[in-house]
Amino acid sequence: SAVISQKPSRDICQRGTSLTIQCQVDSQVTMMFWYRQQPGQSLTLIATANQGSEATYESGFVIDKFPISRPNLTFSTLTVSNMSPEDSSIYLCSVEDLGAVTDTQYFGPGTRLTVL
Amino acid sequence: LAKTTQPISMDSYEGQEVNITCSHNNIATNDYITWYQQFPSQGPRFIIQGYKTKVTNEVASLFIPADRKSSTLSLPRVSLSDTAVYYCLVGELNNFNKFYFGSGTKLNVKP
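Protein chains in written order, with my numbering: chain A, 1 to 116; chain B, 1 to 111.
Hint data in this document are derived by calculation from the structure and do not stem from the laboratory. Please read these numbers as outputs of a predicted model, since none were measured by experiment. Possibly wrong hints are sitting among the right ones.
Computed cross-link-like contacts, DSS-like style, restricted to lysine-lysine with a CA-CA straight-line distance of at most 25 angstroms [unchecked claim]: (1) B/98 / A/65; (2) B/69 / B/110; (3) B/98 / A/7.
Extracted from the complex, chain B is given alone in its bound form:
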């Protein structure tokens, strides 16, 4: 299983775009990249998933370069409610994949 490395914490201000990068140098050919968000006292919540290039949904965008050794979660115009821990995971789809969480990135959005 590919190990992931993320910054421990990041600070931002309301209205800014936030980019959180995750390193996964040993990602396997069949691995997908998934990001979760966790608020205090809640279970993690799925944000976005991708394999290559760019994926966008109503919440975020995920940028994956051609070598797939890293990925960047982009949150447009963050608000105070986006203050949370963000986890990057890699794993094979449709293989009853077990998720191994890394340390995550604590995003602190300031007014």
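The following block holds chain A by itself, in its conformation from the complex:
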């Protein structure tokens, strides 16, 4: 299975600032995804990070607020722009693994963001 790392693991930010979260995979993958998990809640898909093209956003999420980059097959970034306390969440990236038997996603450890 793919090994995924995220940076930073956590951060505390001021209202109105922006934070860029990095996701690094130890192998080339086609699909990468970004999720948000608010305190005590389930995961919500933000967008699909497409290599070489713009990300595909889910309903309720826009590029101006959550710009995503995918410069190659092992790396992606998610920026949380103009932050407010409502953006305090755990942000997770995942990659799709098209295995011979299973098709699943592997998740990074997450980035815990607190906005003051």
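Here the structure of chain A is known, so what remains is to put chain B in place on it, guided by the hints.
Showing chain B alone in chain A's frame:
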């Protein structure tokens, strides 16, 4: 995409077998069923995946009836370390499938 329904929470004791059932009445012909486990402050971890009948691995078993409108994750002889949230998802394989998580089941294993 098929919506899933799970119990919000379950309690169990160490050494017991735990069965968590997921309802997915609108599952499509090409959909597979996947279960994830999530510990606090960690990303979800893949447990098991299946299409029909029964699948077993070193961690759990997955039972899927013929109509596939539900599935049951079975954890044999749980320990305190199995306390986690368990998510059931359905989706089509090999189609760059996007995962939509339901509410999950919070399993609390007591000594």
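Hint check results:
1. This hinted pair checks out: residue 98 of chain B and residue 65 of chain A have alpha carbons roughly 21 angstroms apart, not beyond 25 angstroms.
2. For the hint pairing residue 69 of chain B with residue 110 of chain B, the CA-to-CA distance comes to about 31 angstroms; that exceeds 25 angstroms, so the pair is violated.
3. A C-alpha spacing of about 23 angstroms is found between residue 98 of chain B and residue 7 of chain A, which places the hinted pair at or below 25 angstroms, so the restraint holds.
In the structure shown, a violation is registered for the earlier hint numbered 2 alone.
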